[in-house]
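> Each chain is listed here by its residues.
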Amino acid sequence: QKEVEQDPGPLSVPEGAIVSLNCTYSNSAFQYFMWYRQYSRKGPELLMYTYSSGNKEDGRFTAQVDKSSKYISLFIRDSQPSDSATYLCAMKAAGGGNKLTFGTGTQLKVEL
Amino acid sequence: GAGVSQTPSNKVTEKGKYVELRCDPISGHTALYWYRQSLGQGPEFLIYFQGTGAADDSGLPNDRFFAVRPEGSVSTLKIQRTERGDSAVYLCASSAGLNSPLHFGNGTRLTVT
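Protein chains in written order, with the numbering used here: chain A, 8 to 119; chain B, 15 to 127.
There could be a bad hint or two in this list.
Derived EDC-like pairs (lysine to aspartate or glutamate); straight-line CA-CA distance at most 16 Å [what the hints assert, rightly or not]: (1) K106(A) <-> E34(B); (2) K77(A) <-> E12(A); (3) K25(B) <-> E58(B); (4) K29(B) <-> E85(B); (5) K31(B) <-> E85(B); (6) K116(A) <-> E12(A); (7) K9(A) <-> E58(B); (8) K74(A) <-> E12(A); (9) K106(A) <-> D70(B); (10) K77(A) <-> E118(A); (11) K106(A) <-> D71(B).
Source of the hints: derived by calculation from the structure; they are not laboratory data.
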């Protein structure tokens, strides 16, 4: 079993929909949680960075962390065709720099 | 300002050959990371440098893989006796400090035939 599980999709939604992306994890040492967006043939781009449990909002994006359930989510409001990409969750323990453990990524397509 | 630069963007090599992949981090970033991303998977950690020294190389799959960062800036990932299973996108990332956000390059797509 992988330390981080993420549904690979693909997920297809109409423009304007609310998108929910999720990851579960098994390592209770993880303290920092991130969401990256990756366009085809590009490197991952950091979207959200959160520490421990709670919510964080940035524009149309909201990240939620529930450490008690070992479950994290990313919500995208008013989704746009430009949001079509692969979304990767990532997490790390305290210390150890940016040695991240990634999920497999969820491929999202937002259709007109 | 310039982001993380990786060269070449694509590399095709024959099984058994030696390859070098180069990473030029964001200027002033002290931490540099190498990850490998296979098709349909998330990136997997290989090694990271703090300055010139390798702080953690626990992700290198075997002794055919080696990385250097002699002057604390540019890094080279070296793969000896390449195998078809080494085919992947090799991503480099840098950060201003150990816990600062990572900035990734666009990767080198390595194909071993």
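> Now look at each hint and say whether the structure bears it out.
Going through the hints against the structure:
no.: 1; hint: K106(A) <-> E34(B); verdict: 22 Å, violated
no.: 2; hint: K77(A) <-> E12(A); verdict: 11 Å, holds
no.: 3; hint: K25(B) <-> E58(B); verdict: 20 Å, violated
no.: 4; hint: K29(B) <-> E85(B); verdict: 31 Å, violated
no.: 5; hint: K31(B) <-> E85(B); verdict: 26 Å, violated
no.: 6; hint: K116(A) <-> E12(A); verdict: 20 Å, violated
no.: 7; hint: K9(A) <-> E58(B); verdict: 12 Å, holds
no.: 8; hint: K74(A) <-> E12(A); verdict: 15 Å, holds
no.: 9; hint: K106(A) <-> D70(B); verdict: 9 Å, holds
no.: 10; hint: K77(A) <-> E118(A); verdict: 31 Å, violated
no.: 11; hint: K106(A) <-> D71(B); verdict: 10 Å, holds
Checked against the numbered hints given earlier, the structure breaks hints 1, 3, 4, 5, 6, 10 and satisfies all the rest.
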